[in-house]
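Student: Residue-level listing of the chains:
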Amino acid sequence: MANEKKKLEFAEGEKINLIDLTCRQVDSIYQHMLSKNKPELMWMFDIQKFQWEEVRDAHRNGKKLVAFGGPVPVELIRAFDCVPFFLDTISTRIASQEELCGRFIDETEKYAPASMCGIDKAQLGCILKGELGVQVDAFVHATVPCDSARIAYPIMERVFNCPCFTFDCPFRHDDKGYRYLAGQFDRFVAFMEELTGLKWDAERYEVFKGLMEESNRAYSALIKIAELRKKKPCPLPGRTLVLNELVACMSGTEACTMMLETQLSMGEMLADMGMSASKCPEERYRVCLMQNMLWSDTGILDWMEKTYGAVTVMDGYGYQDGILYEDLDNWENIKYIGAKKMLHTPMIHGATGPAEYWIRIIDKMYDDYDVNVSIFMGHVGCKHTWASGKIVTDMIQEKYGIPTLYVDVDAIDPRYKSTEELQAQIAEYMESVVGATKF
Amino acid sequence: MSYQKLFDTTISDKTVKAWRDSGKKAVGYVCCHVPEEIFYAADVLPVRLRATGCVDSSDAEAWMSSFSCSFSRSVLQYLLNGTYQLDGLVQTDGCMMAARILDNWEHISNKKSEEQFLHQIGAPRITDEYTIEYYKSELKEFADALGEFSGTKVTDEGLKAAVAKTNEMRSLIAKVYELRRAENPVVTGAEVLSITLAECDTSVDEYIEMLKEFLADAENRKPVEPRVRLMVIGSALDNPDYIQVIEEKGGIVVADDLCFASRAFGGQIEVDDKDVLGSIAKYYLSRHTCPRSLDNRPAMHHEILSKCKEYGVQGVIYQKMQNCECWGGESYYLEPDLRSIGIPMMQLEREEHMANAGQLSIRAEAFIEMLEEK
Ligand code: SF4
Ligand code: SF4
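If you're matching them up, the sequences are chains Y and G in order. As numbered in my numbering, the first sequence has no gaps in its residue numbers, which increase by one up to the final residue, 439. As numbered in my numbering, the second sequence has no gaps in its residue numbers, which increase by one up to the final residue, 813.
Careful: at least some of the hints might be erroneous.
Which bits of chain G does chain Y cover? Going by a derived footprint, with three or more residues having C-beta under 8 angstroms, they are [stated by the list, open to error]:
id	stretch
1	473-483
2	502-512
3	567-581
4	673-683
5	761-768
Ranges of calculated distance between the beta carbons of each label pair, as one might list FRET restraints [stated by the list, open to error]:
id	chain 1	residue 1	chain 2	residue 2	range
6	G	E587	Y	E398	24 to 34 angstroms
7	G	A805	Y	E109	21 to 31 angstroms
8	G	G521	Y	D363	27 to 37 angstroms
9	Y	D367	G	I565	34 to 44 angstroms
10	Y	R179	G	D595	23 to 33 angstroms
11	G	E812	Y	S28	50 to 60 angstroms
12	G	D680	Y	R179	43 to 53 angstroms
Here are the simulated SDA-like cross-link-like pairs (lysine to any residue), alpha carbons at most 20 angstroms apart as the crow flies [claimed, not checked]:
id	chain 1	residue 1	chain 2	residue 2
13	Y	K224	Y	L8
14	Y	K110	G	K721
15	G	K813	G	Y750
16	Y	K110	G	E788
17	G	K651	G	Q443
18	Y	K110	G	L787
19	G	K579	Y	P237
20	G	K550	Y	Q397
21	G	K604	G	Y523
22	Y	K176	G	S576
23	Y	K390	G	S497
24	G	K604	G	K721
25	G	K550	Y	I323
26	G	K453	G	C639
27	Y	K176	G	Y569
28	G	K551	Y	T393
29	Y	K110	G	Q761
30	Y	K390	G	I547
31	Y	K340	G	Y569
32	Y	K390	G	Y750
33	Y	K279	Y	P237
Calculated directly from the structure, the hints in this document are not laboratory data. Built from N, CA and C at the ideal position, the CB exists for glycine as well.
All chains should be modelled from the sequences, with the hints used to inform the complete structure.
Tutor: This is the structure in structure tokens:
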């Protein structure tokens with residue numbers, strides 16, 4: 001998980017190879033965990049190792065590397081024997097590493113406003129500095145999630161200077177919107193054919209079918225995990241929510257399915273014993289993050305658990321409807337479901353359309369998870385969610401009778417606010433508004 | 440009729456009031472992808488919302504937070520404080536900030552049980568035949584809903600009549616822009632922005648008349664002798680005073696790339712009788728209003744460069760509203776492009792409320808001096 005607070009030092013003028021660096025970091029944590037001989041925890045590290053090494057080794061393995069931004073049908077990219085590389089994972093991965101994150105964010109801020117979202121600033125900065133460390137063969141992106149992404153993607157297109165494809169995602173997420181997006185799939189298939197020289201024939205469709213089945217297994221596990229987290233006490237800690245986000249880029253791989261299924265069986269086992277893997281002796285409060293995960297300081301979730309028994313049971317980013325592919329031989333239907341899946345991808349589902357969608361997610365989440373502490377840890381870059389924050393928190397107050405704490409954070413840039421400052425803000429709310437006492 | 444209203448930048452409720460008093464509806468809209476022609480065909484007065492003169496948007500800030508762009512926040516403020524008294528609001532997802540005006544206004548008016556016509560149009564962010572067709576279907580939904588609301592069904596004939604008028608308006612604005620090409624123009628940049636802003640809350644008939652009178656009178660105006668010729672680009676700018684501060688330092692703004700000015704009036708709608716709504720959709724989606732789209736940047740930059748040549752521009756001022764991401768990232772490619780044709784670009788941050796006029800004045804003066812020395 002992206003929370004190592006190790007200091008990195010770079011020599012003046014030194015060029016970084018981000019992917020290599022990340023692979024080395026991930027491997028050293030992996031080896032460390034191996035040496036601790038805790039096989040029951042390795043599933044958390046296996047997936048990360050797989051994820052980054054797959055990107056690093058794509059060319060070595062004779063595959064094309066397809067960078068992507070926003071929601072895209074990753075299973076289709078894999079069906080053409082390519083490796084999809086979700087650029088947002090650069091930002092979430094380096095979020096806690098002040099020097100690395102600062103290096104890239106500062107680079108972007110030379111050309112773009114500081115108010116832009118850290119997710120986009122960090123990845124764009126890395127690309128502008130030429131420090132990605134891998135050559136991208138194609139760039140596929142959507143026109144969402146937001147204005148920050150819409151600054152970054154056109155610049156990336158020109159910097160990458162490789163074949164590019166854009167999905168135009170509609171503002172509305174309904175039948176008409178799904179049909180509109182589904183109508184762009186055939187063009188995308190043609191793009192992939194041209195990129196790879198592979199034909200979209202019966203044989204390829206079989207490969208795609210296998211990937212959809214694998215993806216369904218992952219999403220089924222994710223749905224069950226979300227269900228499990230409703231239990232009291234929540235058997236899984238807040239921290240594992242961070243891992244689950246990987247499904248956006250890894251679905252269709254066995255590694256992803258395995259990570260989710262292992263997590264699920266561990267959670268079920270704990271639930272059967274009435275236990276929890278969270279860091280508190282007793283679950284007293286149930287918290288849902290309303291917007292993003294705080295990648296820059298995921299330790300805050302542990303701290304809330306340890307200090308107040310406040311367990312983060314779900315987050316607005318990771319909460320999803322869990323749409324599965326159905327009727328796998330029916331391409332027309334698959335395009336429609338694929339479009340629906342894209343528009344229900346975390347972040348896209350709540351942040352890209354009318355505020356009403358986000359309100360609906362929060363309402364359902366508060367209801368389903370029996371939330372009793374409401375904290376809007378608002379990522380400053382996500383200005384349009386801030387701009388609908390009052391509508392949402394008014395609804396929470398009126399319907400659930402819970403006053404919400406507003407805390408401004410930068411989900412990516414750890415320099416924005418120190419852990420101590422953040423803890424102090426949360427502590428004040430927990431103690432004076434909620435009436436919580438420390439363990 | 441006097442054309443003086445063209446130079447009165449305050450938001451006027453005169454036309455709106457008269458229109459509503461006659462039993463008809465007036466509906467606001469935000470951003471450039473809401474076709475005015477549909478309003479006129481439904482016999483509704485379109486009012487493009489702006490926030491000119493807003494000095495305090497604290498009520499709206501409570502809704503949209505301090506992280507929102509002050510243009511959007513100030514528009515909401517004007518809805519909240521009654522500056523705008525309208526029958527509804529229509530919105531496209533120009534930028535996410537502007538989109539949130541509708542969300543908040545919907546919520547607030549529901550709370551107050553105020554009946555409002557509220558409609559969201561989804562405008563695609565890439566332009567090709569497929570996306571134009573989708574946008575057309577969005578416009579059709581809007582046209583049907585608005586027609587039902589006003590009691591006047593939107594028909595092809597109604598749309599064609601409206602296009603004839605708006606096209607005439609565009610030709611007249613093109614003539615106003617022609618005046619700016621002269622070595623010593625008879626209109627300043629601040630005046631031109633006033634003229635284009637006046638359209639926001641004036642009916643098209645009234646506006647056409649005023650433009651005609653102004654143009655007829657233009658030759659009697661005193662030419663300006665500028666020190667340098669400038670172009671202003673960037674975020675939604677609805678305050679001519681901003682340009683005036685720059686011009687007081689001796690530059691003249693002869694061209695712009697602003698959505699409240701040239702970008703809102705470019706070209707003509709070419710009507711295909713067999714597909715009138717499709718023609719409107721094509722026009723609105725194909726013109727490059729702002730960098731809200733993903734595929735228009737190279738074309739927009741090219742147009743900026745062409746305008747520089749056409750209008751003899753010596754320097755470009757790129758003003759960005761704080762927290763406006765839409766116009767946030769153009770410098771990376773645009774600056775070197777401009778440099779390649781010998782045109783420097785100055786970047787400025789601003790807020791809707793012009794609290795830092797002194798600083799603007801200092802920066803403008805330094806820029807103008809630098810250009811003179813070139
Ligand atoms: S967090 Fe918000 S601003 Fe950032 S990429 Fe996501 S939607 Fe955009
Ligand atoms: S800059 Fe674009 S998004 Fe913003 S108000 Fe103008 S047209 Fe709308």
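Student: Hint by hint, say whether it matches the structure.
Tutor: Each hint, compared with the structure:
1. 473-483: Our answer is that it is violated, as 0 residues pass the Cβ test (under 8 angstroms) against chain Y, missing three.
2. 502-512: holds (count 7)
3. 567-581: holds (count 4)
4. 673-683: Violated - the stretch 673-683 of chain G has 0 residues with a Cβ nearer than 8 angstroms to chain Y, which falls short of three.
5. 761-768: holds (count 7)
6. G:E587 x Y:E398: 24 to 34 angstroms: Holds, at about 32 angstroms.
7. G:A805 x Y:E109: 21 to 31 angstroms: For E109 (chain Y) against A805 (chain G), whose Cβ atoms are near 23 angstroms apart, the range 21 to 31 angstroms holds.
8. G:G521 x Y:D363: 27 to 37 angstroms: holds, 31 angstroms
9. Y:D367 x G:I565: 34 to 44 angstroms: Check passed, 37 angstroms falls within 34 to 44 angstroms.
10. Y:R179 x G:D595: 23 to 33 angstroms: 25 angstroms Cβ-Cβ, so the 23 to 33 angstroms window holds.
11. G:E812 x Y:S28: 50 to 60 angstroms: Given about 57 angstroms between the Cβ atoms, the range holds.
12. G:D680 x Y:R179: 43 to 53 angstroms: holds, 47 angstroms
13. Y:K224 x Y:L8: Roughly 39 angstroms between the alpha carbons, so the hint for K224 (chain Y) and L8 (chain Y) is violated.
14. Y:K110 x G:K721: Judged against 20 angstroms, a Cα distance of about 36 angstroms means the pair is violated.
15. G:K813 x G:Y750: holds, 18 angstroms
16. Y:K110 x G:E788: holds, 14 angstroms
17. G:K651 x G:Q443: Measuring from Cα to Cα gives roughly 12 angstroms; hence the hint holds.
18. Y:K110 x G:L787: holds, 14 angstroms
19. G:K579 x Y:P237: Status violated; Cα separation ~49 angstroms.
20. G:K550 x Y:Q397: holds, 15 angstroms
21. G:K604 x G:Y523: violated, 25 angstroms
22. Y:K176 x G:S576: OK: K176 (chain Y) and S576 (chain G) at ~10 angstroms, within 20 angstroms.
23. Y:K390 x G:S497: holds, 14 angstroms
24. G:K604 x G:K721: Holds: K604 (chain G) and K721 (chain G) sit about 18 angstroms apart, inside 20 angstroms.
25. G:K550 x Y:I323: Between K550 (chain G) and I323 (chain Y) the Cα gap is close to 34 angstroms, so the pair fails against 20 angstroms, i.e. violated.
26. G:K453 x G:C639: Answer holds: K453 (chain G) to C639 (chain G) is near 12 angstroms, not above 20 angstroms.
27. Y:K176 x G:Y569: holds, 14 angstroms
28. G:K551 x Y:T393: With Cα atoms ~18 angstroms apart, K551 (chain G) and T393 (chain Y) stay inside 20 angstroms; holds.
29. Y:K110 x G:Q761: holds, 15 angstroms
30. Y:K390 x G:I547: Measuring from Cα to Cα gives roughly 11 angstroms; hence the hint holds.
31. Y:K340 x G:Y569: Distance ~19 angstroms between K340 (chain Y) and Y569 (chain G) Cα, so the pair holds.
32. Y:K390 x G:Y750: violated, 46 angstroms
33. Y:K279 x Y:P237: holds, 7 angstroms
Consistency with the previously given hints fails for numbers 1, 4, 13, 14, 19, 21, 25 and 32, ordered from lowest to highest.
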